[in-house]
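Work the whole structure out from these sequences, hints included.
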Amino acid sequence: MSSQAIFVLFNGLASGMAFFLVAAGLTWVFGILKILNLAHGAFFMLGAYIAFTVGGGWPASIWSFLGVALIAAAAIGVLGYLTDQLVLKRLRDVDYHYALIATFGLMLFCEGAAKFIWGTDYQAVMPPPEVDRAVVVGGSYISVYTLFVIGIGVSVFAALEIIMHRTWAGKIMRAVSNDPWMAGTLGINVPMVLMVSVIASFALAGFAGGILVPNQALSPHVGASFVLYAFMAVVIGGLGSIRGTFLACILLGLVESANATFLSQYGGIAIYVVLAIFLVWKPTGLFPAQGAT
Amino acid sequence: MLRVDHLNAYYGQSHILHDIRLEVPSGRRTSVLGRNGAGKSTLLKSITNAGPRVEGEVSVNGSPLGQSAWYRRAKSGIALVPEDRRIFTHITVEENIELGRLGASADRPAIPVSQIYEWFPMLGPLKARLGGQLSGGQQQMLAVARAVASHPRVLLLDEPTEGLAPVIVEELAKIVAKICSELQITLLLVEQNIWFSRQTTDHVYLLGTGSIVFSGSWAEFDQDETIRNRHLAIA
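Quick mapping for you: the protein sequence lines, in order, are chains A and B.
Counted from 1, the first sequence has number 183 at position 183 by full-length UniProt numbering; the numbering is strictly sequential.
Counted from 1, the second sequence has number 173 at position 173 by full-length UniProt numbering; the numbering is strictly sequential.
Quick caveat, the hints were computed from the structure, so don't treat them as lab data.
The structure displayed is predicted, hence computed values, not measured ones.
Don't be surprised by glycine CBs; every beta carbon is placed ideally from N, CA and C.
Hints may be right or wrong, so weigh each one.
[Claimed, not checked] Some residues of chain B that are not near chain A, with every Cβ distance over 10 Å (derived):
1) ASP5
2) GLY62
3) GLY103
4) GLY124
5) VAL167
6) LYS174
7) THR226
[To be verified] Part of the chain B face toward chain A, derived, beta carbon under 8 Å:
8) ALA74
9) ILE91
10) LEU99
[To be verified] Label-pair ranges, simulated between beta-carbon atoms:
11) A:THR284 with B:PRO64: 55 to 61 Å
12) A:THR284 with B:PRO121: 37 to 43 Å
13) A:GLN85 with B:ARG129: 38 to 44 Å
14) A:GLY267 with B:ARG129: 48 to 54 Å
15) A:GLY267 with B:GLY132: 41 to 47 Å
16) B:GLU162 with A:THR284: 46 to 52 Å
Listed below in structure tokens is the structure:
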């Protein structure tokens, strides 16, 4: 394999895993609540700002960096609880258009709040020192931070797979996703499951913000590009399917990376071509989900 | 004992059930018969507070359930098998049964899965199969098994024989009667299959359009030809 192909591969996988970290919570909450949360990217952005505020621009070590990302996850999880109580809970039994409008309004509110608190100047966060270097793989220089993001993305996917398919909590969540009325009739506390799912989804957005903030120009709009790709991945993977979203993120990451390397004069076009092909070929996605799977 | 008192149910502006009063003594088994659209399924959903807007009172063993949410009623000992079965299609037979066990409580310990397979021998060999891969008869057995797994005080069955082959109906009748007798379950069965109702219950209510028009034993039911003709159109 040529060094250019290796670069495309690693760069694509890293982009894909970055998309997945953002998309995981998005598809989870859609699978369970059937709500497309347009504010998801805004909470990713708030997670990144919280990580910046708590950890500063120069993380001391990879462990403190991970700790700060978990603090961001917890903080956004708390915001998820408040958002659920104030907004999402009221949208459970109404037409989905209301949910789109409400979450769009929430996104604008979050961006306004971020401008108010942190201003509009760009901020920067460096990767932790252990991963702020490059290694040579097959003649190509690969950033260790790239490998770190790939590792975190795969770990989050594995954790979600285990939770959803190997634990009782996951089986209960899938039952609620599949048929909330019947799940409640069997005695499952459906409102509680929905609330926990929202908190988990928001916490994932916050964690993604904490992990992906290095190498980004941190601004109130930092979530926009990530969440756009995340939405594409959720559509290609199958709305509500974590497995499908994971595969779609890898595909989009590789396509984007190949596009940037081999067709740089047509920046970003390939990813839209792929999306268009999937919308025609498989409009319900790779894994048309009956719920969160 | 299941007691329903002055129960009225509404879907939107439509008044579906009118002042329903019925009692099923502890451990006894009762049928509710009626034509399509009489409100039979609405009655069961009203008892579980899982659909229509409900006024009136439902109590189990003297404890009123008030306005408790539908997902809390399983913990009060009420298990419902809906007309459309609503098996979780993406998980296995055994996982469906395990989910049913979640409705148990400290004073009603969940039924062991091995016991469920003894009562429902058809399900044992299928335990690793996905719910969506079962036939209609197998799904109905699983729906009843899942409800029974919570060790309910009150079992509500909504037309369990609908669309089933006669041999499965016969087997289901035996199983339901046996389990209700062993666990002393109070059964309220909504049916159009008179044979199944006779096999599994000893008291019958007849639901006209949203109102109870008859209550009595099967012998009394058999004697009242007028009411049978008017509300069931059977000979």
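Do the hints match the structure? See the list:
1. Every CB of chain A is more than 10 Å from the CB of B:ASP5 (nearest about 22 Å), matching its label as outside the interface.
2. No Cβ of chain A comes within 10 Å of the Cβ of B:GLY62; the nearest lies about 21 Å off, and the non-interface call holds.
3. Against the 10 Å criterion, B:GLY103 falls within the reach of chain A, whose nearest CB is about 3 Å from its own CB.
4. With a least CB separation of 20 Å from chain A, B:GLY124 remains clear of the 10 Å interface cut-off, as annotated.
5. In this structure B:VAL167 is separated from chain A by more than 10 Å, as the shortest Cβ-Cβ distance comes to about 27 Å.
6. A cut-off of 10 Å between C-beta atoms confirms that B:LYS174 is not in contact with chain A; the least separation is 25 Å.
7. Distance check on B:THR226: its Cβ is at least 37 Å (rounded) from any Cβ of chain A, clearing the 10 Å threshold; non-interface status holds.
8. A cut of 8 Å between beta carbons decides the hint on B:ALA74: the least distance to chain A is about 3 Å, and the hint holds.
9. Taking 8 Å as the C-beta cut-off, the interface hint given for B:ILE91 holds, the closest approach to chain A being about 6 Å.
10. This hint holds: B:LEU99 has a C-beta 6 Å from the nearest C-beta of chain A, less than the 8 Å allowed.
11. Checked against the given bound of 55 to 61 Å, the beta carbons of A:THR284 and B:PRO64, roughly 46 Å apart, lie outside it.
12. Distance hint for A:THR284 and B:PRO121: a CB-CB separation of about 38 Å, consistent with the stated range 37 to 43 Å.
13. Separation of A:GLN85 from B:ARG129 is about 40 Å and conforms to the stated range, judged on CB atoms against 38 to 44 Å.
14. For A:GLY267 and B:ARG129, the Cβ-Cβ distance of about 50 Å falls inside the hinted range of 48 to 54 Å, so the restraint holds.
15. With their beta carbons about 44 Å apart, A:GLY267 and B:GLY132 fall inside the hinted range of 41 to 47 Å.
16. Separated by about 30 Å at the C-beta atoms, B:GLU162 and A:THR284 break the suggested range of 46 to 52 Å.
When the structure is compared with the earlier hints, violations turn up for hints 3, 11 and 16 and for no others.
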